[in-house]
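Chain by chain, the residues run as shown.
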Amino acid sequence: MSAAHGPTLHTASPADDPEDDRVRRFLAGLGRVAGRLLSIALTLLGLLLLTFTMGRLLPADPVLAVTGAEVNKATYDRVYAELGLDRPLWEQFASYVGNVLRGDLGVSATTGHSVLSDLGHVFPATFELAVFAVITGVAIGLPLGIVAAVNRGRLIDHVARIIGLAGHSVPIFWLGLMALFVFYAKLHWVDASGRLSVFYEGMLEPVTGLLLLDTAMARDWDMFRDAVSHIVLPGLLLGYYSVAYISRMTRSFMLEQLNQEYVIAARAKGLSTAQVVWRHAFKNIRVQLLTIVALTLGGLLDGAVLVETVFGWPGLGQYLTRGLTMNDMNVVMGAVLLTGAMFMAINLISDRLYRILDARTH
Amino acid sequence: MSASSPAIDDGPTRGPARSALDAALKQVAAGWASYRRHPLGMVGLALIAALLATALLAPLIAHVDPNAQDLRQRLLPPSALHWFGTDHLGRDVFARVVYGARTTVQIVALVTVLVAPLGLVIGTASGYAGGLVDEVLMRVTDIFLSFPGLVLALGFAAALGPGLTNAGIAISLTAWPPIARLARAETLSLRNADFIAAVRLQGATPMRIVLRHILPLCIPSVIVRVTLNMAGVILTAAGLGFLGLGAQPPLAEWGSMVSTGRQFMLDSPWVVAAPGLSIAAISLAFNLAGDALRDVLDPRNEA
Amino acid sequence: MVRRTLAAGLVFGIVTAAASTLQAASPPNMLVIGTDLAAIPSLDPAAINARTVSEVVSNLYDNLVQLAPDDMQTIRPMLAESWTVAPDKRSITFKLRAGATFASGNPITAEDAAWSIRRVIKMGQVGATDIALWGYTPENVDKFIRASDDRTLVVELPEPVTTDLVIYSLAGSSLGIIDSKVAMQHEKNGDLARDWLKANAAPSGAYSLTQWRPNDILICEARANYWGGAPAMKRVIMRHVPESGNQRLQLMAGDIDVAQYVGSGDLEALAKEKVVIDQVPGFGFYYIALNMKDPDLAKPLVRRAFQHVLDWKALAQTNMRFAGFPWQSIIPKGMAGAPANPLPGYEFDPALAKKLLAEAGYPNGLKKKLFPAGPVHLQNTEALQASAKLAGIELELVPGEHTPDFRARNFEVLMGNSGARLPDPFGTAVQYAYNPDNRDSAKLGGYYLWRTALDAPELTKLVDQSKSETDPAKRKALFEQMDKIYREMDPSLIVLFQRTDPYVLRTNVKGYFGHQTWSTRWSGVTKE
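Residue numbers (our numbering), protein chains in the order written: chain L, 1 to 362; chain E, 1 to 303; chain Y, 1 to 528.
So here's chain L without its partners, still in its complex pose (with noise of 0.2 Å):
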């Protein structure tokens, strides 16, 4: 293309050519792609070596995750040679590599399935927690923080700012043991462990895999209150988890709103805090809530893995931790590789998401 255009594609203005000047752009915006996505796929690589490195540091002898413990040497040393053990670690890293680019994460020691079909199966129950507990955070700690700003200084606001970190504060694996056997084992108000109650297990084939959803779309409202009197507890857990950081943020930026001149012009003219509030700051907070709440789910991954241990939640969190207490290697780097590419690509995308609406708004 450039030889064909020869040295005029240099010495153009653009505003001479447009049609140079999309293809110029195109080719800066290809080259802006192409090296975010070498730097993604840097990171990627980065995140291989260290699940790698961590999977070979773990005390499990990879041979008998693949042999079973009761194995004769002649199967031992041919295993051994047949993953390359033998050979450098850099090789060994490189066909690492290559298996996870085909989609092949190993089998699993302790389930005997490969670890990409566990994967597939643990996921969708991780992800629907987290979405519960992000909308149940955002529900208690959006409106919080706005009224903590509004009412910046008074006892409300240190009141609204005690509940928000106590969230944070109190280790969630022993709440969720005190709520369960207040909830569960005295007053009977939610079941527990799992995520189905046993008599409807097996009646229900998956579709997405995000039960509520699921139920709903099969409409057996009472599965679907099942379902629901599981995900509540845990879910609320998780949710108020993310209450200090939702609320914290949104009345730092609710602050810088109020104090904008528009906002005491507003005022002047006689507008009331709700209005102001609503028609006018919210609307400006919108976007940077948007990645707060994508920064959100993401965090939550780590209090997954302790909820889940508590309520018996057959997700991400819970077979990662069962990987680790087994040495079961390929669920651990497993687990650790999808938690790893999960959180970029969260963050990856509320980066995106804040750049097009910032845009728009502005």
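Because the hints were derived from the structure by calculation, they are not lab data. Accuracy of the hints is not assured; some may be wrong.
Which stretches of chain E does chain L cover? Using the computed rule of at least three CB atoms under 8 Å from a CB of chain L, they are [claimed, not checked]:
| id | stretch |
| --- | --- |
| 1 | 84-93 |
| 2 | 156-164 |
| 3 | 195-209 |
| 4 | 265-272 |
This structure is a prediction, so every number in the text was calculated from the model and none was measured. Where is the CB? At the ideal position from N, CA and C, for every residue including glycine.
Put chains E and Y on the given structure of chain L with help from the hints.
Below, chains E and Y alone, put in the same frame as chain L:
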């Protein structure tokens, strides 16, 4: 959002490093005056002081050996003899909670000692050197940042094996990137300052400039940042303990006390109540202190 | 403001919706078992030997013969309606039941039986542990085990072995009869359907597999065309409930009918409730293992000191109250050769232990690493850690899953438990008193004596003798002799308790009998 504190922002413009340090000290004094006006922050500070005192004076506060077992005295409810009851092995829960403060302080100290220098060195080196070094170091930082802290800490704790020191190392490996980012930002703003240029003209090597002139100026904001993260560190440590990857038995550690206690929780709630509340209190204390600190340092939030 | 009200309303709505669904008890034709489904990498009979998965496999596959849960000594017919032992005692001929079918509808033939047994030997995985003891190898098994017609199976013995032992081993869960035609449709690269049978089944038993999600749930459906008649429980669900407290609460609420892994604390509380706690004695023990490769632990006096450092009487009343009973012999209680009462045995005496250590050359005590075989043994190791300290033994506890380390001789001191599926003293003797090759390279991880690196040629010879001895009185004498030698040699495995597996049942569940060899079958279960 408070990537650079006001204490440092105006430091370099005044010239030589010494006066910048003086100014920083003055700012700290002014900050303290402002901090004192935060009642919740003071509560947090008091709780932290209480934790330190408990850790230091543990043998004086609890008269019983926290590891002394008596299987025939197991799961006793709180009484005058055992204030917080006894656990499943007949150990005094109060003594274990008190000694657990020591474990917490140890882990906090270990993480601080590991994270601050690591973050400082990587951040300042990255910021001062720029170019390829910066690119590589920041890419590494990004990779570590692309994990939720607990997940990464879990992986490393499992790889390193159980034990308090290993847990501390695992947590540190996940906690340094924000510090490095901060130190890099500080370094970038200092790199072209006049007094650095003056030192450079005198023929100082880059190593010397970074270590002697830039790094010390980054310390205050790094300390602030480490404090802000401390609640997270404590919760991660407790989470590791809860999942059985923290301190080794019989060492009293709050997270693992909750973990082993949950089997007996339905009938003997005290075995998990006391350690759980302790974690909550101390983590809240650091959060309150951090929140007040943030208000002091972030002009946007000043009343 | 409107949005805030909406949000608050949403949260309120969810909570009340949740509150209104109180769990209904499980239906009358469905059995729900709360259990631990972790670490079940395969449902292939040839690849299993653990407790929970044995129960699953025993309901998917019928054996040639079976042992009733209340009488472990009498062999009863199952797929084989009769059998005869040749006069020279070197072969057994089984006559198969007519009309029995697999879930696929295929008739169950002697050829299927031969294929299933040969397959276990050829695969050489944990399922082969028992039957391989009789001298079968992948090379000779085709010759020794064969179908002479559709309903006649001939099992020849490569070496002289008590035929009862052979028949016992055929009742074990790993020797279930697989639908060879269905399985072979899924064979890949000559793997004998190993890959497919991991997560699928070709059942001959009363149940077929409906759903299997590792670490989560296993659902079985009753077979209407089962030769023994359709079972009363149309559906059996095994639910992974890893937390003991949760199992207890769900049992009380009626969500589950049987709880299999309830911890000691919760069992103590359940003992006061209206439930049935069935303590099923197992053929295995709780022990302290000492690695002889460690120069300190190789000294007999040091090992003798370890016999006196655990306060097992206190443990028996607390943590071990439901998990076992004090038993300090390698022959399980009530079996041929078992002592009438092996107690008091190793008295807890830290002062004596200290004295023994001093005599052994450790006046200032000893420092060792202590491993629990798995997380369930953590509390026992904590107790040992504290009581050993009184004797001057400093034990550094390393929590985690250490069974692989144990098998690889990679430990110092370890606490764990064992189990066996042979209802004969030989089953435990071969684990605790048999070590044909003590070299590292032998990799005989199946034998506990090898794991602890104790070379005991005399005991090994006696165990071999007991395998082929047919005279009951002489066998009994052999086991008594083994027990005596073992007791006097300061063994590397200090046996302290015989295991019991506590099954907690709701009172309306009838006919669920926890099986001593873990072959608990659901076909006779009813609910009132």
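Against the structure, the hints:
Remark: the stretch 84-93 of chain E is not confirmed as covered by chain L, as 0 of its residues place a Cβ nearer than 8 Å to a Cβ of that chain, below the required three. Only when three residues or more bring their CB closer than 8 Å to a CB of chain L does the claim for the stretch 156-164 of chain E stand; here the count is 5, and the claim holds. For the stretch 195-209 of chain E, the proposed coverage by chain L is not satisfied: 0 residues have a C-beta within less than 8 Å of a C-beta in that chain, short of the threshold of three. Proximity of the stretch 265-272 of chain E to chain L, defined as three or more residues with a beta carbon under 8 Å from a beta carbon of that chain, is established by the 4 residues found.
Comparing the model with each numbered hint stated earlier shows that hints 1, 3 do not hold.
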